[in-house]
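Okay, here's what each chain looks like letter by letter:
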Amino acid sequence: MTQPASIQPKKSFLERLPSLSILGPVVALVFMTAFFGFSTTTFFTSRNLSQILQQVMIVGVIGIGQTLVILTAGIDLSCGVVMAFGSIVMTKFAVEYGVPPILAIFAGIAATTLFGFINGILITRVKLPPFIVTLGMLNIATALTLIYSKSQTISGVPDALLFFGNTLKFGETQITYGVILMLALFTLTWFILSETAPGRHLYAVGNQPEAARLTGIPTDRVILVVYTVAGLIYGIAAWLLVSRYTVGNPNAGQTENLESITAVVLGGTSLFGGRGMIFGTLLGAIIIGVLASGFIQMGIPSTYQLLITGALVILAVATDQFTKRKS
Amino acid sequence: MNPLIEMKNISLRFGGNQALSDVSINLYPGEVVGLLGHNGAGKSTLIKVLSGAYKSDSGQIFVEGSEVKINNPQDSQRHGIETIYQSLALADNLDAVANVFLGREKINGVVLDEDTMEIEARKVLDRLRVKIPSLRVPVSNMSGGQRQTVAIARAVYFKAKVLIMDEPTAALGPEETQKVGELIKALKAEGVGIFLISHDLHDVADLSDRLTVMKNGRVVGTVNTKDVSEDEVLGMIIAGTTPKHLANK
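Same order as they appear, the protein sequences are chains A and B. Quick note on this note's numbering: the first sequence kicks off at 1 and runs consecutively. Quick note on this note's numbering: the second sequence kicks off at 1 and runs consecutively.
Don't read these hints as lab results, they were simulated from the structure. As the structure is a prediction and not an experimental result, all values here were calculated from the model. Mixed in with the good hints there might be a few duds.
Taking lysine-lysine pairs in the DSSO-like style, the calculated list, with each CA pair at most 30 Å apart, reads [claimed, not checked]:
{"#": "1", "chain 1": "B", "residue 1": "LYS188", "chain 2": "B", "residue 2": "LYS69"}
{"#": "2", "chain 1": "A", "residue 1": "LYS127", "chain 2": "A", "residue 2": "LYS169"}
{"#": "3", "chain 1": "B", "residue 1": "LYS185", "chain 2": "B", "residue 2": "LYS215"}
{"#": "4", "chain 1": "B", "residue 1": "LYS123", "chain 2": "B", "residue 2": "LYS161"}
{"#": "5", "chain 1": "B", "residue 1": "LYS131", "chain 2": "A", "residue 2": "LYS324"}
{"#": "6", "chain 1": "A", "residue 1": "LYS127", "chain 2": "B", "residue 2": "LYS55"}
{"#": "7", "chain 1": "B", "residue 1": "LYS106", "chain 2": "B", "residue 2": "LYS188"}
{"#": "8", "chain 1": "A", "residue 1": "LYS127", "chain 2": "B", "residue 2": "LYS69"}
{"#": "9", "chain 1": "B", "residue 1": "LYS188", "chain 2": "B", "residue 2": "LYS159"}
Required output: the full structure, derived from the provided sequences and hints.
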């Protein structure tokens, strides 16, 4: 660091500018949108844009939980299939056991929250690495989902479980309640992370757990709460999943495990923990959605979308490494 | 008068390494006790037992005469003990204000009261006379001296009864070091008890009322600073033996 000890007031404006980590995804998104907007006639239709938001909804909500986990320098490989398990619990309870829908929803959310809690216990008490714990949980949740559902799709789901599929109309534009819920959850999480003490503790723990512990922050409790809350968020995502596809699908959630990590990384959150902004994850999720939609409309095979997404992830992490080394 | 802090027969083993064996030490109100010894003598380990960073295998800790259990840093803070760690224990990604109040933030309802925290942080930093132009940049962008000052400010702000300072001036220039010296004298006058740790005798000799010398995880001896010459203390640090006429409890 060659910065002089006294910083001129002039510089403080530059310091306040959003860092490269958030500018990157914004610029990428603007370019992509412009590109697809000019290349196709259908991209900038309100129908298409609300379609993109709907597609982003599930990854976006899971991405909130994933962001919290990654901010603690952890990772959750099991998020998508835990969501799938929750959706099976919800639909099975409601359809096969005749449990009142609202209780069935609670049961599903309770199940995913329990998964998160177990992850947290294994990481904080048994001191296992998050990667291994959630890799194991990925297999366990996948198996439990298939066993419990007997690999059968559950249909005939009551209306309450489909609530978030309902739409609000703004002129030509339709927005589902699910998208509104997603935006509300992002805003709530932003508030907690940047305006409250628990949010600040999360950043401190993610940056350097030992320093945080020495200042009196109960580091293990913070991490346990994060994984548990992440589980709860996957439960909410399960409700959205059922609302969107109107069935309990035991094969859901497979791509979301890694896609949520992609969204977080594209959004500029550091895999080393302690740095990142929650709205970056929303941007990351939208980038994935825009790529998918734009490629479909240009008639490009989805394989190329994977290719581009992969390259973007590596670019995002490389940028993060570079920023970290510089500071 | 009861000592502010009394640590009795503290032992701690890390694997095959006996880091502390049967260490006893005490501290009275308004007193500065300098803790001396080579690197690896056990000074930092001992104070980390008091600050709650480590748990001892055996031994007792008394605060103002009553036995306490210190299982984690929160316990230590609850008993009025504040610590400036050699590692500083700062969250590099957060700014100076956030670091001063980390774990004990001022809140307004549920929202962080940033304005109050900034004003209070500025006050306590001004007392240390270190120029920190912006309290709102991550401390990773600050110089070593500025970072050390933030760590000191955090410990001083919460009005501790006992202050542990582990190499508090290692990154400071002569002027700032002198300010820390003045701060120690002022806190002492307020009745705060201070453990001052250093591997350098000169850092602590002027400020300490008593000196405790450690070697290989044991206390060599505790002496009144005014009774000893520099050479005698150096002898204790190097040879690990106390001249009999100087030993005091």
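Evaluated hints:
1. LYS188(B) to LYS69(B): Given pair LYS188(B), LYS69(B) holds - Cα atoms ~26 Å apart, limit 30 Å.
2. LYS127(A) to LYS169(A): Violated, at about 49 Å.
3. LYS185(B) to LYS215(B): Within the cut-off at roughly 28 Å; holds.
4. LYS123(B) to LYS161(B): Distance of about 20 Å is within 30 Å: holds.
5. LYS131(B) to LYS324(A): Given pair LYS131(B), LYS324(A) holds - Cα atoms ~26 Å apart, limit 30 Å.
6. LYS127(A) to LYS55(B): holds (18 Å)
7. LYS106(B) to LYS188(B): Holds. LYS106(B) to LYS188(B) sits at ~27 Å (cutoff 30 Å).
8. LYS127(A) to LYS69(B): holds (24 Å)
9. LYS188(B) to LYS159(B): holds (12 Å)
Going through the hint list in order, the structure does not satisfy hint 2, though it satisfies all others.
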